[in-house]
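Generate coordinates for the entire structure from the input sequences, incorporating the hints supplied.
Counting with my numbering, you get residues 509 to 824 for the letters of the sequence shown.
No lab work stands behind these hints, which were simulated from the structure alone.
Possibly wrong hints are sitting among the right ones.
[Stated by the list, open to error] Label-pair restraints from in silico Cβ distances: (1) Ala747 to Asp623: 48 to 56 Å; (2) Ala655 to Asp754: 17 to 25 Å; (3) His724 to Ala617: 38 to 46 Å; (4) Ala549 to Ser792: 49 to 57 Å; (5) Glu695 to Gly520: 33 to 41 Å; (6) Val782 to Lys519: 43 to 51 Å; (7) Glu695 to Ala655: 21 to 29 Å.
All of these numbers come straight from a predicted model, not from anything done at the bench.
Backbone N, C-alpha and C fix where the C-beta goes; we use that ideal spot for every residue, glycine too.
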Amino acid sequence: MGPVSATLVAKGLAGGYAHQTLFESLDLSVGPGDVVGVVGANGAGKSTLLRLLSGALSPLAGTVSTAPPDAFVGWLPQEHERVPGETVAGYLARRTGAAEATAAMEATAAALGSDVAGVDDAYAVALDRWLASGAPDLEDRVPSVLADLGLAADPGALMTSLSGGQAARAGLAALLLSRFDLVLLDEPTNDLDLAGLETLESFVRGLRSGVVLVSHDREFLARVVTRVVELDLAQHQVAVHDGGYDAFLHEREVARRHAREAYEEFADKKADLVSRMRTQREWSSQGVRNAIKKNPDNDKIRRKASMESAEKQGQK
Numbered sequence: 509m510g511p512v513s514a515t516l517v518a519k520g521l522a523g524g525y526a527h528q529t530l531f532e533s534l535d536l537s538v539g540p541g542d543v544v545g546v547v548g549a550n551g552a553g554k555s556t557l558l559r560l561l562s563g564a565l566s567p568l569a570g571t572v573s574t575a576p577p578d579a580f581v582g583w584l585p586q587e588h589e590r591v592p593g594e595t596v597a598g599y600l601a602r603r604t605g606a607a608e609a610t611a612a613m614e615a616t617a618a619a620l621g622s623d624v625a626g627v628d629d630a631y632a633v634a635l636d637r638w639l640a641s642g643a644p645d646l647e648d649r650v651p652s653v654l655a656d657l658g659l660a661a662d663p664g665a666l667m668t669s670l671s672g673g674q675a676a677r678a679g680l681a682a683l684l685l686s687r688f689d690l691v692l693l694d695e696p697t698n699d700l701d702l703a704g705l706e707t708l709e710s711f712v713r714g715l716r717s718g719v720v721l722v723s724h725d726r727e728f729l730a731r732v733v734t735r736v737v738e739l740d741l742a743q744h745q746v747a748v749h750d751g752g753y754d755a756f757l758h759e760r761e762v763a764r765r766h767a768r769e770a771y772e773e774f775a776d777k778k779a780d781l782v783s784r785m786r787t788q789r790e791w792s793s794q795g796v797r798n799a800i801k802k803n804p805d806n807d808k809i810r811r812k813a814s815m816e817s818a819e820k821q822g823q824k
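Listed below in structure tokens is the structure:
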């Protein structure tokens, strides 16, 4: 059973924490064939956005939904530490969602025949998810995928025994073995060698499923993404740019150039106004001095000029 045609929709989405909003008002739709790249400064909320889309984190505002509602959404976060005692096979089952689907199917199967209301429906749903996850033949598919990636590790080997490069290839293997309807990837290129990067790129570009990914690898983004979500940490804003990553860079450069030009125009106008004001003040002062020289009643003129100046200051 392959992935179904699924769509993920975020409306008015805001993410962050109780004391800090990282972004807000995100409207995004991800359908089959879409590859959406998420970019922004460190701390802007890129990983937070993936967690929101996966359902692992509740939004501060807005909604996230999928069509169909039971679409199989796969979230593959960065894992900086390996699980003690976990084998390669166990890791692959967990990262593909097969382990969770198997546990749910077995739990509902054990309840069949009981008096628990709705157990038959629960089992049917769990069975569908188990089949969709690719769990039934996962064990048979693992050896060939590991071999294709040049990972000679035995499926029964502990993940903690693998080198950093081997662990990265195991992570790539989990993605290749997955059967997700929608895929969320957090820094998938980390620690991959050139061959691994080429395999990842080919896989992502060939997916029928929608993909949302976070990556600092600009070349990878330029080759695979079809749209870009930009998170602006300073303004707590988000913008969705149609077109690939190169189109996004061009659009951003044009916007920055226009902003610079607008600022320079403002600065020139401000400098011109300041210059005019100085000139007018000089003319005014010169006029008063000339009037004093010509008028014998200099004290009255001085007092009048002083009073006018004080009134102007008081009106500011």
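Cross-check of the supplied hints:
1. Taken as a hint, the range 48 to 56 Å holds for the pair Ala747 and Asp623, whose Cβ atoms sit roughly 54 Å apart.
2. Evaluation of the 17 to 25 Å hint for Ala655 and Asp754 yields a failure: the beta carbon distance comes to about 35 Å.
3. Distance hint check for His724 and Ala617: the Cβ-Cβ separation is about 44 Å, which falls inside the suggested range of 38 to 46 Å.
4. Checking the proposed 49 to 57 Å range against Ala549 and Ser792 shows it holds: the Cβ atoms sit about 50 Å from each other.
5. Separated by about 27 Å at the C-beta atoms, Glu695 and Gly520 break the suggested range of 33 to 41 Å.
6. About 48 Å separates the C-beta atoms of Val782 and Lys519, a value consistent with the hinted range of 43 to 51 Å.
7. About 25 Å separates the C-beta atoms of Glu695 and Ala655, a value consistent with the hinted range of 21 to 29 Å.
The structure fails hints 2, 5 (numbered hints given earlier, in ascending order).
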